[in-house]
Structure formats: C-alpha cells, structure tokens
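Since chain A is already given, all that's left is putting chain B on it; use the hints.
Protein chains in written order, with the numbering used here: chain A, 912 to 1472; chain B, -4 to 247.
Think of the hints as simulated: they come from the structure by calculation, not from any bench.
It cannot be assumed that every hint is accurate.
Claimed, not checked - Heads up, incomplete: computed chain A residues facing chain B, CB under 7 angstroms, no partners named:
id	residue
1	Arg962
2	Met963
3	Lys1119
4	Pro1138
5	Val1139
6	Asp1193
Claimed, not checked - Derived DEER-like restraints, expressed as beta-carbon distance ranges:
id	chain 1	residue 1	chain 2	residue 2	range
7	B	Thr102	A	Glu961	51 to 59 angstroms
8	A	Leu1261	B	Thr102	45 to 53 angstroms
9	B	Thr102	A	Ser1174	21 to 29 angstroms
10	A	Gly1200	B	Asn100	50 to 58 angstroms
11	B	Asn100	A	Asn1175	53 to 61 angstroms
12	A	Gly1008	B	Ser174	46 to 54 angstroms
13	B	Lys187	A	Ala1207	54 to 62 angstroms
14	B	Phe192	A	Asn1175	18 to 26 angstroms
15	B	Thr102	A	Pro1320	40 to 48 angstroms
16	A	Gln1409	B	Asp96	27 to 35 angstroms
17	A	Asn1175	B	Val194	54 to 62 angstroms
By construction, the Cβ of each residue, glycine as well, lies at the ideal position given by its N, Cα and C atoms.
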Amino acid sequence: MRRLTWCAVCVAGIVVVAAPRGQSQAARGRLLRIIPDSIGAMREWDDAVERMIRDDGLRVRMQRADTLLPGRTVEQLVQYYKGVRVWGGTVSRQLDGTRVVSVSGTVYQGLDFDVTPTLDRDAAMTTLENVGGPLLTPATEPELVILPDDGGAFRLAWMATVHTRTDVVRFFIDANTGAVVRRYSMLQRQAPNATVIRGIGVLGDEKKVSVTPFAGAFIAADSLRPPVIETYDLRGDLDRAIEIIFENSIQLRSADIASNRSSNWIDTPVVDAHTYAAYTYDYYYKRFGRRGLDNANRRLVNIVHPVKRSDIFDAPADVLFMLYLNAFYCGECAGGVMVFGEGLPGGVYLTNGQRFDFLAGALDIVAHELTHGVTNYSSQLEYVNESGALNEAFSDMMGTSVEFFFQKPGNGPLKADYLIGEDVLTCCAPLFGAHDGIRSLADPARDGQPDHYSKLVVLPADDEHDNGGVHANSGIPNHAFYLAIEGGTNRTSGIRVQGVGASNREQIERVFYRAFAQLMPSNANFSMARAITLQAAQDLYGAGSLPYNAVRDAWTAVGVK
Amino acid sequence: MRLRIASVVVLGFSSLWIAGPARAQTTTPPVRTRISINAGFQPVSTTFDGSTSKPLNLETAIIDTTYRVSRGKSFDGGVAFTMRNDFAVGIAVSSFSKETDTTVNATIPHPIFFNTPRAIAGTPSGLTRHELVAHVQAIYVIRPINRLDVAVGVGPSFFRVRHEFVSDVSVTEVYPYDSTTFAAASSQQATKFKTGFNVGVDFGIRMGRSVGVGGLVRFSRASVDFAVPNGNPNVTADVGGLQAGAGLRFYF
Chain A
912 MRRLTWCAVC
922 VAGIVVVAAP
932 RGQSQAARGR
942 LLRIIPDSIG
952 AMREWDDAVE
962 RMIRDDGLRV
972 RMQRADTLLP
982 GRTVEQLVQY
992 YKGVRVWGGT
1002 VSRQLDGTRV
1012 VSVSGTVYQG
1022 LDFDVTPTLD
1032 RDAAMTTLEN
1042 VGGPLLTPAT
1052 EPELVILPDD
1062 GGAFRLAWMA
1072 TVHTRTDVVR
1082 FFIDANTGAV
1092 VRRYSMLQRQ
1102 APNATVIRGI
1112 GVLGDEKKVS
1122 VTPFAGAFIA
1132 ADSLRPPVIE
1142 TYDLRGDLDR
1152 AIEIIFENSI
1162 QLRSADIASN
1172 RSSNWIDTPV
1182 VDAHTYAAYT
1192 YDYYYKRFGR
1202 RGLDNANRRL
1212 VNIVHPVKRS
1222 DIFDAPADVL
1232 FMLYLNAFYC
1242 GECAGGVMVF
1252 GEGLPGGVYL
1262 TNGQRFDFLA
1272 GALDIVAHEL
1282 THGVTNYSSQ
1292 LEYVNESGAL
1302 NEAFSDMMGT
1312 SVEFFFQKPG
1322 NGPLKADYLI
1332 GEDVLTCCAP
1342 LFGAHDGIRS
1352 LADPARDGQP
1362 DHYSKLVVLP
1372 ADDEHDNGGV
1382 HANSGIPNHA
1392 FYLAIEGGTN
1402 RTSGIRVQGV
1412 GASNREQIER
1422 VFYRAFAQLM
1432 PSNANFSMAR
1442 AITLQAAQDL
1452 YGAGSLPYNA
1462 VRDAWTAVGV
1472 K
Chain B
-4 MRLRIASVVV
6 LGFSSLWIAG
16 PARAQTTTPP
26 VRTRISINAG
36 FQPVSTTFDG
46 STSKPLNLET
56 AIIDTTYRVS
66 RGKSFDGGVA
76 FTMRNDFAVG
86 IAVSSFSKET
96 DTTVNATIPH
106 PIFFNTPRAI
116 AGTPSGLTRH
126 ELVAHVQAIY
136 VIRPINRLDV
146 AVGVGPSFFR
156 VRHEFVSDVS
166 VTEVYPYDST
176 TFAAASSQQA
186 TKFKTGFNVG
196 VDFGIRMGRS
206 VGVGGLVRFS
216 RASVDFAVPN
226 GNPNVTADVG
236 GLQAGAGLRF
246 YF
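Okay, chain A solo, but in the shape it has when bound:
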C-alpha cells in the first residue's frame, strides 16, 4: 500500500482549507474535504482511510447493505483523535464486495493537543442547566468532542442535546473555559390486528385508515405495515405536550393514542397524520426498498392536537410558532416523534394573507418530516449551514416525490406539484404577494430563497438565525433537483438544463436518495453534494447517461461546482 501524506497536492480534487492562527484553544490542523475526481485519487484515499481505521483515527458508525444495488455496502465512518470524537470528521465509503467504489467526506489532519478537559462532566452538566434551564437525561449526558470552529480552529468541548420548554437544543460547552461556544436547535421543522376504517382528511377527502380494534373502539395503530405506526392525540393539552415533546419529563401513555368509537373517523388531522406517515413509509419501501426511518422498521410516532385552536390568542410566541404554525421531526423527543401543528382557527390569517390549516393535512409536509428521521438514521447531515440546508432540501425533495408517487400532477388540493405545504398553507386572497405553500422547488425565489450559489444566504450558525439559513439555502439544492427532473433554465445563471422528464423522475429520485441517505457524510457541503449525487448517478445509470448529465448540468446551473 502506498503512503499517502495528508496533503492537498497529493490527491487531485481535495479542497484544503488552512486553519488560521491565533485561536485560543486552537490546535494546528487542516480540514480536508475528500472529493476524489479520479479512480487513482479515490484509491489513494481509500488507502488512507484504511490506515486511519487501523490507527483508531476512524471508527465505523454504520455499515449497511445497499438497497438499490445488490452486493454494495455503504460505510459511515467517524473520525477520532486520542479516543475523542472529532465533530464533523466523517467519511462515507461505498464498497462493491471488497472493492471500493467511492469515498467522500471530511477529515481534519494535524491535530496535536491534550484531550484532558479542565471542566469535568459534572461541571459541564451544571453549566448546561444554567443556560436556559435545559433538562438532562441519562441518554443526553455530555460527550467530550473535538470541535472545529468556522475559522478552522479546534477546541475541546462537551456536547449535549438537551430539551428546553419548546425546543431541543444541541450545546457545545468549551471543556476548558465553560463557555457556550455553539448552540442550535435540533428540531428539524417545516418552516422556519389490522383493521381498515373510513377516514376523512383535512381537505375532506376519503381514505382508508389502518387501525387496531381495542376495547370497543379503533385506535390509531397501524398493523398493516411492518413497523409500528402510531398517532397520538394530546387533545390540546399544552402542558402535557411540552412535558412529553420538549422536556422529556413524562412519556406518551397508551391512553394518549388517538381512538375513535365508530368506523368512520372524522378527526381529520389524526386521519391525515396517520395515513400520510404510512404512505411515506410505503414510498420509501416501494421506491428504494428502505424499511422506514432506520431501514429496520423503527417505530413511527405522530403527535397531533398538541394545542387547542381556541387557545391561540393566549399562546406565547414560541408556542404559536412551534405548535400552531409548524410541523417538526424530533429524534430526541419521546424516542423520536413527528409533531404536527394545529394551524389557525377559521377566519384567522397571517399578516401576509396566508391561512394555516392543520399541518398534518399536507402529504408533502408529513413526508418532509419523516425524511428528517431518515436523515437522522442515515447521513446525519449536521443541521447547520450548508449541511443543514442539504438536510432541509432532502426533506423537500422527498416530500415532493411522495406527492408525485401518490397524487396526480396538477394544481390545487391533493395534486402533486413542486410547492411545499400548498394544501394547507393557502392564500385567502392575493394580499401582499402571498400564495399557496411556503417553498417552491421550481422557483425558490418566489419565497425569498436563493436559486443560485452566488446568492447563498450567509448567517451565523445559531438558532436565532435559522442555524445558518438552512431553510433559505435549501432553495439551491432544491432547484437542482427540480431542474434535473423537469429541465429548464436557472433564472440567475441563465443556464439551461435538459432534465430526464417527469416520466423518468424515478431516476433522479433514486440518485438523490442514494446520495443523501447512503453516501453523504454528515458535514457535506453543496460542492460535496454535487460530487456525491454524480457518483450516485454513475453507480445507478453510468457516467454520461441522461440522468448523470441532468444532475451535473442542474448543479452547474445553480452555481455549485
């Protein structure tokens, strides 16, 4: 095996970012992005990865069989230094038997410092409890990590994910000074005995609901699908909702599961949350062979009616935003739940004229949230900056794809389109330029999102700034996904793309799924996403194929090189 030094010039296609000097805790080191652009480079990187595994510099986090290409396996590896996890140091490697097909990721080289913290774990917990009163559980005890900062410096930090009153926040506490050096929300949200009974959805549509008979009633427990899919009705009890979802201080009870006495269920958000979560499971299984969130049929839990619509005028702003006007997936809440906001009462509109119905009533919203769960159990795309925007974009892509899988293309309710949330976020009148939905993959600029990398929104990576603009910058990969399917011209670059066509949309869906849920490392940026989607297109359809060219040209059109 040839030696490979950690040097940019040795391997073509590696982007090297030198760490600036002068950081107080900074170790000397460099960030290396692994994007091999030739077989030789890829093999050299594979040799380097092997050496790092042998030296305990990389540990395998996950190894799974590829559900799209038989015989392939995908490994996710995490970087360690002296037994301490290097935050953001991840490598994804694709194998065909023992032969390496692709390698990508980010590693940090040249680390050289003591990993003994001045602040011990108990002191870190005290600090965490003093900042916003978060609640710690044994499962969220702080972990010592090496944290790179945006400037390229490294520091030793205690990392913990904690539950606040209406949020789940990841904290990084400097392990030497006790200062909070980073915090961001972990809620991956939408906006900043088998029996079948009849159900009515939020839009008045009729659908079959898979339930379980229990004690003379039907409970929202799906027994037709392989995983447990349950929908819980908190009956508008805000205090219980906060205790269950955010504080993790009490658990969902069997009495909380939604139930119905008759065989005609008319609690519309229960019906839609329950059936749409199941549809999303169906989509992933039928399209990609994936079995749920973790590809091992992990339980799916939906929560509806966390608040009452009639209480909206007394609701604090954070509750209004999270539990009325939002939907979110939280992997750290109650063992992993999807929560669907209650929307606005009739006659109440946002200032832009938009009306919010029950958020569970939109198939793309439900699929979007469940896809956050898929990401959580696969690439774990870090929910900040570009990786966070990719995380959001993947949820939008899959949300849209699920719509096209189950609904007929068109405009209006229950039709498949490239808008997000248009079935429940509707405009009563064209006031102030308002329109249906909150994002558009076809025209990101419609909702103020960038459609080109030159317009990237640069914000601080904290929860006050949307974790670095994850909901804004998702417009760029979203638009690439759209262009690769439908084709068209990017408004900013003027570059025209020949898509694969709507009838071949499955090809692009498979490419992006493969890239995002199987090959992507957790700290990928847009450039890496381009390389990995091209790798996925090559794996599935070959270099130079129509899908490959469409993906390449779409990324180019949105300015990602």
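For chain B alone, kept in the frame of chain A given last:
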C-alpha cells in the same frame, strides 16, 4: 349456460321399460313387470357461471366462479308395468355425482388504497354436484324382432340437486399488498327441487325366461335457480342432460 356433448357412451344408464304382452305365436312369455338396473354415463359436460360479492376493506370484493360439471358415471334403477297392449308406465331413479371443475376469478380490494383492486385466479377442489332424479314415463313398446324390445318413453322428471358453490375466497398477501394470490375457497351447499322432463329410448334382449340385457339413451332437463350465499343474482344452472347406459333386465 352451455350444453356440451362430450363423447360417446362409455358406461350405461338406467332406464325402465316394459315389453308389451306376449302374443300367442311368440316364444317369449308375456311380461307384466320389468325391472332394470343400469350402470351408465353422462357424456355431456355443462358449464355455468356464478358470482358472489362481499364487503372487504371498505369496498366490494367480486368473486366470479365458473363451474364445469363434466361427464361422469351414474346409476339407475327402475320398474315398469304393462298397462295395455304396447303401452306401459314406469318410474326410474337415477343418481349422478361428480366433483366439479371450478375456476375462480376475483377482484380483491386493496387494504390501503381505494380503487386499486387486485386480481386473483384459482382452482378450488372438492366441490361436488349430486343429482338424484325420479323419471316418470309413459312408454310405447316396439318389438321389431323376436326377443328384442324397443321402448320409447317420455314424461316428467323430478330433480333433487345438491351443488356446492364458492361463497368466499381467502388470499395470501404480504406488505405492500399490491398483488395477492389465491389461497383457498370456502363453499356452501345449496339444495334445490325442480320438475323437468325426460325423453328416452330403451332396448332389451331377453337371454332367458326372466333375464336379459339392455341399454338406454335418455335426455332429461330442468333449469334450477340456486340461492347462492352472497350470490348476486342467483345462479341458474341446467341439470340433467344426456345419459346413456347398459345393464340387466328382469322380466316377470
């Protein structure tokens, strides 16, 4: 409903007839009563369709079944009495039992989605048809040569028909339920009484004073409406058919 001539006679059928009173010049003694016992064959297959439905997965499962009653063995016994000269009356009882060839084609509603039926096909076994028929005949006897009697008869037939119909199907299905396969059919028995008609020709050759051999060809028919469980509409089936047989004749 179709009637299909299958093949030539293989076995015999039952019949009755009576020879007319012997005349003074004949060598055979006069006959007042004749008993016949035949083994026979029903050489004709009949086919008919039935349809049942049932609510399933909030929609309606449609189960269309084709029953083919193919040719098969039968048994027949009868007695006839001379009334006057060449005329006689008689009654015979025939029995026919056969397992039907049954084909099921069904559409099964999807458990998850509306308007997404799945088609299945299967061939359940063990479903039988049993016909027990009493044939009453007015008979006219011709004696073209010595020891040979030919009797032509016509009259009503009284059918008791028992038929097993497919009432439901069970399927094998696994997630995601987009296709399914036939597993088994359950059946229910329906019994019906119906009056039809018969017409036939019987011949007998006397081998001794009281014993002879003979054969017959008979056609009987009735159309029966069965009230099949979940059937919509009722199933109408032709019963009886062409029968042929051969056997012993006893003369008294």
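Evaluated hints:
1. Hint status for Arg962 of chain A relative to chain B: violated, with the closest Cβ pair at about 44 angstroms, above 7 angstroms.
2. For Met963 of chain A, the interface hint is violated, since its Cβ never comes within 7 angstroms of a Cβ in chain B; the closest pair sits about 41 angstroms apart.
3. Because the beta carbon of Lys1119 of chain A sits about 6 angstroms from the nearest beta carbon in chain B, less than 7 angstroms, this interface hint is met.
4. Given the 7 angstroms rule on beta carbons, the hint for Pro1138 of chain A is violated: about 10 angstroms separates it from the nearest Cβ of chain B.
5. Taken as an interface hint, Val1139 of chain A does not check out: its beta carbon lies about 13 angstroms from the nearest beta carbon of chain B, beyond 7 angstroms.
6. Using the Cβ-Cβ criterion of 7 angstroms, the hint placing Asp1193 of chain A at the interface with chain B is satisfied: the shortest such distance is roughly 6 angstroms.
7. In this structure the supplied range 51 to 59 angstroms holds for Thr102 of chain B paired with Glu961 of chain A, their Cβ-Cβ distance being about 57 angstroms.
8. Here the CB-CB span from Leu1261 of chain A to Thr102 of chain B is close to 47 angstroms, well matched to the stated 45 to 53 angstroms.
9. For Thr102 of chain B and Ser1174 of chain A, the Cβ-Cβ distance of about 22 angstroms falls inside the hinted range of 21 to 29 angstroms, so the restraint holds.
10. For the pair Gly1200 of chain A and Asn100 of chain B, the supplied restraint of 50 to 58 angstroms is violated, since their beta-carbon distance comes to about 31 angstroms.
11. The hinted window of 53 to 61 angstroms between Asn100 of chain B and Asn1175 of chain A is violated, with their beta carbons roughly 32 angstroms apart.
12. Remark: the range hint 46 to 54 angstroms for Gly1008 of chain A to Ser174 of chain B is contradicted by a beta-carbon distance near 32 angstroms.
13. Evaluation of the 54 to 62 angstroms hint for Lys187 of chain B and Ala1207 of chain A yields a pass: the beta carbon distance comes to about 57 angstroms.
14. About 54 angstroms separates the C-beta atoms of Phe192 of chain B and Asn1175 of chain A, a value inconsistent with the hinted range of 18 to 26 angstroms.
15. In this structure, Thr102 of chain B and Pro1320 of chain A break the distance hint of 40 to 48 angstroms, their C-beta atoms being roughly 27 angstroms apart.
16. A C-beta distance of roughly 57 angstroms is found between Gln1409 of chain A and Asp96 of chain B, which places it outside the suggested range of 27 to 35 angstroms.
17. Restraint check, Asn1175 of chain A to Val194 of chain B: a C-beta distance of roughly 60 angstroms satisfies the suggested window 54 to 62 angstroms.
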